Amino acid sequence: MKTPIKEQFLVAPFLVFFLVHSTQLGVGVLSFQRDIAEFAGQDSWITVIVSGIIVHVLIWMIYTILNKEKSSLIVIHQNVFGKWLGGLINILFILHFLVISIVVLRTFIEVVQVWMFPSLRTLPLALVYLCSVYYVVSSGFRTVTGVCFIGVIFSLFLIVTFLAPWEFSTLRNLLPVYDHSFKEMANSIKEMTFPFIGFEFLLMYYPFIQKPKTSQKWAHYGNLATMAIYLILMLTALVYFEQEHLLRTSWPTLTMWKIINFSFLERFELIGIAFGAVVVFPKMCLVLWAASRATKELFKVRQIKILVFLLSICLIGSCILKDRDSIDLLQKFVSMVGFYLSIVYIPILFLIYHLRFRMGGKR
Amino acid sequence: MKVKAVIIGIITVAVIIYGRQPTRILDEISMPTAIGYDYAGKNKVKVTYTSTIYKPDKSMETTTLSAKDEISKETLSKIQKKSVGYVVTGKYEVIVYSKKLARHGIENYIDTLQRDPSISENLYLTVVDDEAKKILDKQYGVEDTGMYISKLIEHNTENGVLPRMNLHFFLGDYYSKVRDPFLPLLEQDGEDVNIKGVALFKGGRYVKTLRQDQLFTFRALIEKVTLGNFKVKLSSSEYASIEGIRTRHRYHVRNGKKEPEIDIDLYVKGNIREYQGKKLDERKSKKIEKKVEEKLEKQATSMIRSFQKSNIDPLGLGRQVRSRTRDFSNKKWREQYSDVKVNVRANAIITEKGVVDGE
Chain A
5 MKTPIKEQFL VAPFLVFFLV HSTQLGVGVL SFQRDIAEFA GQDSWITVIV
55 SGIIVHVLIW MIYTILNKEK SSLIVIHQNV FGKWLGGLIN ILFILHFLVI
105 SIVVLRTFIE VVQVWMFPSL RTLPLALVYL CSVYYVVSSG FRTVTGVCFI
155 GVIFSLFLIV TFLAPWEFST LRNLLPVYDH SFKEMANSIK EMTFPFIGFE
205 FLLMYYPFIQ KPKTSQKWAH YGNLATMAIY LILMLTALVY FEQEHLLRTS
255 WPTLTMWKII NFSFLERFEL IGIAFGAVVV FPKMCLVLWA ASRATKELFK
305 VRQIKILVFL LSICLIGSCI LKDRDSIDLL QKFVSMVGFY LSIVYIPILF
355 LIYHLRFRMG GKR
Chain B
263 MKVKAVIIGI ITVAVIIYGR QPTRILDEIS MPTAIGYDYA GKNKVKVTYT
313 STIYKPDKSM ETTTLSAKDE ISKETLSKIQ KKSVGYVVTG KYEVIVYSKK
363 LARHGIENYI DTLQRDPSIS ENLYLTVVDD EAKKILDKQY GVEDTGMYIS
413 KLIEHNTENG VLPRMNLHFF LGDYYSKVRD PFLPLLEQDG EDVNIKGVAL
463 FKGGRYVKTL RQDQLFTFRA LIEKVTLGNF KVKLSSSEYA SIEGIRTRHR
513 YHVRNGKKEP EIDIDLYVKG NIREYQGKKL DERKSKKIEK KVEEKLEKQA
563 TSMIRSFQKS NIDPLGLGRQ VRSRTRDFSN KKWREQYSDV KVNVRANAII
613 TEKGVVDGE
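These protein sequences, in sequence, are chains A and B.
Letter by letter, the first sequence follows residues 5 to 367 of the working numbering.
Letter by letter, the second sequence follows residues 263 to 621 of the working numbering.
If you are wondering where the hints come from, they were derived from the structure by calculation, not from laboratory data.
Note that the structure is a prediction, hence the values are computed from the model and not measured.
Beta carbons: idealized from backbone N, C-alpha and C, even for Gly.
A hint or two may mislead.
[Said to hold, decoys possible] Partner residues are not named here, just some residues of chain B that face chain A (Cβ under 10 Å, in silico): (1) Pro379; (2) Phe431; (3) Leu433; (4) Asp435; (5) Arg441; (6) Asp589; (7) Phe590.
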């Protein structure tokens, strides 16, 4: 029932690094510090490390399933749960992907509206953005991978800019270490899932990788890079802000840029946000590619047509979200769903899959 | 194919029509650099915007515009009606609060500085001993007023005894439960602006002043001082001036859980820059060291005592205790604060005596 992908559409294993890394880095990177610090305070950096390790384990689980099955999530679900239940879960995943794309797009536009152009309407920017996404996704998975690659390389230098806030920081804010209860830490780890969401797309693009088994280490490296970036940003925010101040800051990452100024450049965050467009774009492309690909495999329709449909929903969805509160609400919702679909559901799938595989042998 | 072309055309037109943003040409906007806040009755504030016009012949002229309102952003829109160019907030360098307003509390007027994304975190907030409008109305030297005051504070922070202060630190201290903010206190001294000392705040209210001569000790207790000056009196006619090459401090907290007790070790390494006595020998420099230690300890102790009396914590003793205590309780600390025992021990070393020796 599965159709092997032709050789010319495949990508090299090392590119999985960029795929994993750039899909994880999205809009969560702008504001995750506050959400985590709300629970874990000065110990938030521990949360980042623990969440990163959990995601490593999940990636390993995904690979054990995929290495046996050698197909995408859609087929796995249908094999494991049968046509109807599997189909239902598949639709759930497709909706999840779609909502992620809406949240990412709308949050990014919101940042542009708040920080750069207060009078900018949502529609034109969303339209331009989604047209570019259409252009990339319709050219196939290899182009999507290329965009991910460029997105990571282009925005690499931004990490250096976070050295600047250290000049104004107090290292003492990190002490005392581990002064929070287990429950608080668990809550903060749950919050930390949204920034890490993106690794589960491996389940979709695995068949597109050449010699897929060798790509596992690159997936782990990709996640490691994400974790490193989050760790740097978290530590910087913790030493730069007083805790109470951090909890009042909507986008700590952007506020940290406000301290940088050069004699020829008064506002650094404008450049940062412009590069944010490059950071967010690959994620949008990959998410919508995954959503359209999944729909194609599920309903056997042409991917281009379904892509246009999904893009229009994305456009309408992002225009409907008018204010901070509704965006925040949807982001919380996605974060919660993401937590259950990736952090909770993947281990369950892992167990069920291996149990069935062992008991019934390969059907 | 035709359909595609039409779609592309529609999208392009839609983006051009709906996506246009107002242009801001540098020569056509007005960029205030210094903003003054004056008290104008209960809950009312008079805001003065100082901006500089650069003329074609490279000379410049400072203009000030003022407006009164309850809410500070509203004064900006009143200013727009008086200003030739569109007034933008992106180039604020200094905010000057008048003493009277600071005494009444500036809580209501810092929100906008934080909320507006185009205002830098590296902005200097200051309190002036007089009316803010008065200090801003004047042009100082060949510099734009905002730049002048900002440079004044900057160089005194880098090479002097003024602790680091900007909007970011102020907001951090303001929201923090274990520290209280402070701002530089300026005064107009004839044709110049002078840093008179430091204004200490409780929340958003100015409650206490530190004089210029206390700043060295104050800064040494907060951060490392490089290149600060310190004067000691040896006898009625003998003075020596020490240039603090380097100071560092070490806080020790004992019994943080129940009744915290704080020991502060202060290390000062300095050069003698000026000496008014006869001969500066070994014995004398030992005596100077001793005097420096005594003076530092005395100043620091009485300073901390007075902070505790008015229940403010600009030194961040609470932060020192919090970072060394598990299950720290802000509330309990606040109750204990005024009775906490603080011991200061100073340790001074004279490293060099300059380029003269002997008589």
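Right, here's what the structure says about each hint:
For B:Pro379, the interface hint holds, the least distance from its beta-carbon to any beta-carbon of chain A being 5 Å, beneath 10 Å. A least Cβ separation of about 7 Å between B:Phe431 and chain A falls short of the 10 Å threshold, and the interface hint therefore holds. A distance limit of 10 Å between C-beta atoms decides the matter here; for B:Leu433 the minimum to chain A is near 6 Å, and the interface restraint holds. Interface restraint check: B:Asp435 against chain A, minimum CB-CB distance 7 Å, threshold 10 Å, status holds.
Checking B:Arg441 against chain A by beta carbon gives a least distance of about 7 Å; that is within 10 Å, so the hint holds. For the restraint placing B:Asp589 at the interface with chain A, the shortest Cβ-Cβ distance is roughly 7 Å, inside the 10 Å limit, so the hint holds. Nearest Cβ of chain A to the Cβ of B:Phe590: about 8 Å, under the 10 Å cut. The hint holds.
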